[in-house]
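Student: The chain contents come next:
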Amino acid sequence: NAGVMQNPRHLVRRRGQEARLRCSPMKGHSHVYWYRQLPEEGLKFMVYLQKENIIDESGMPKERFSAEFPKEGPSILRIQQVVRGDSAAYFCASSLQPGRHGYTFGSGTRLTVV
Amino acid sequence: QQQVKQSPQSLIVQKGGISIINCAYENTAFDYFPWYQQFPGKGPALLIAIRPDVSEKKEGRFTISFNKSAKQFSLHIMDSQPGDSATYFCAASMNNDKIIFGKGTRLHILP
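Residue numbers (my numbering), protein chains in the order written: chain A, 1 to 114; chain B, 1 to 111.
Source of the hints: derived by calculation from the structure; they are not laboratory data.
Hints may be right or wrong, so weigh each one.
Unchecked claim - Simulated coverage check for chain A against chain B, where a stretch passes if three residues somewhere in it have a Cβ under 8 Å from a Cβ of chain B:
1) 29–41
2) 44–58
3) 89–98
4) 101–113
Claimed, not checked - 30 Å max Cα-Cα, derived DSBU-like pairs, lysine-lysine:
5) K57(B) - K71(A)
6) K68(B) - K44(A)
7) K62(A) - K103(B)
8) K44(A) - K42(B)
9) K42(B) - K51(A)
10) K57(B) - K62(A)
11) K57(B) - K71(B)
12) K27(A) - K68(B)
13) K42(B) - K71(A)
The C-beta atom is built at its ideal place from N, Cα and C for all residues, glycine as well.
Just chain A, with the same shape it has in the complex (with noise of 0.2 Å):
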């Protein structure tokens, strides 16, 4: 029973390119949320999905990021244009049902932009 998937587990992109993070939550899970961790910031959420839905984007940046989930397929956090600043190591959780049960996490990309 395969844990959360996520690659690449590292990533080094030169400004103005793009990365593409990719995250297979477990089997029966639909719920998948997306976290950005910086050294001493803790974890701060970016954005919740449901399959093909949106629910919550309140910490995406207002540009650049995006996410998606699609019916077939793993969750995509796409940022465009990469600054220095974006480096970090972003983190990708599911659930069966939202919320109160708690995550279970994957071992995250490492971004580095240069």
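Chain A is already provided as a structure; the job is to place chain B on it using the hints.
Tutor: Same frame as chain A, but now just chain B:
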């Protein structure tokens, strides 16, 4: 605005000692308070969780103490071991909504 405030930022404890991490919250609508443990290079993993209708929950060496009137809760790790060295996050959520995390406590247990 930080909804869950965690302290200390880092903590060093002797092997066999008690590690205590504290959290405070403002929003009384929160109804679920989990703690997560994160090892370097890994994602956070759910350690233990509590709801506001109980004052204490214990699982093995890990105990959550919850003070609803003070809007505070804490994690106690008894008989701390070097393998407990990790970053710990307190968190909160409400109404089946997203989980909001504190900034984390980096715990180091001296062998």
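Student: Now, for every hint given, state plainly whether the structure supports it.
Tutor: Hints, verified against the model:
1. With a threshold of 8 Å between beta carbons, the proposed coverage of the region 29–41 of chain A by chain B holds, since 4 of its residues qualify and at least three are required.
2. Here the region 44–58 of chain A counts 4 residues with a CB under 8 Å from a CB of chain B, which clears the bar of 3, and the coverage holds.
3. Check on the region 89–98 of chain A: 4 of its residues sit with their Cβ under 8 Å from a Cβ of chain B, so the three-residue criterion for coverage holds.
4. Counting residues of the region 101–113 of chain A whose CB lies closer than 8 Å to any CB of chain B gives 7, which reaches the minimum of 3, so the coverage claim holds.
5. Distance check on the hinted pair: K57(B) and K71(A) sit about 39 Å apart at the alpha-carbon level, beyond 30 Å; violated.
6. Taken as a hint, the K68(B) and K44(A) pair is honoured in the structure, with Cα atoms around 25 Å apart against an allowance of 30 Å.
7. With a CA separation close to 23 Å, the supplied pair K62(A) and K103(B) stays within the 30 Å bound.
8. This hinted pair checks out: K44(A) and K42(B) have alpha carbons roughly 16 Å apart, not beyond 30 Å.
9. Proximity of K42(B) to K51(A) is assessed by CA-CA distance (about 26 Å); at most 30 Å being required, the pair is judged to hold.
10. Simply put, K57(B) and K62(A) have alpha-carbon atoms about 40 Å apart, too far for the 30 Å limit, and the pair is violated.
11. Distance check on the hinted pair: K57(B) and K71(B) sit about 16 Å apart at the alpha-carbon level, within 30 Å; holds.
12. Restraint check: the Cα-Cα separation between K27(A) and K68(B) comes to about 36 Å, which exceeds 30 Å; the hinted pair is violated.
13. Restraint check for K42(B) and K71(A): satisfied, since their Cα atoms lie roughly 28 Å apart, inside the 30 Å limit.
Comparing the model with each earlier hint shows violations of hints 5, 10 and 12; every other hint is respected.
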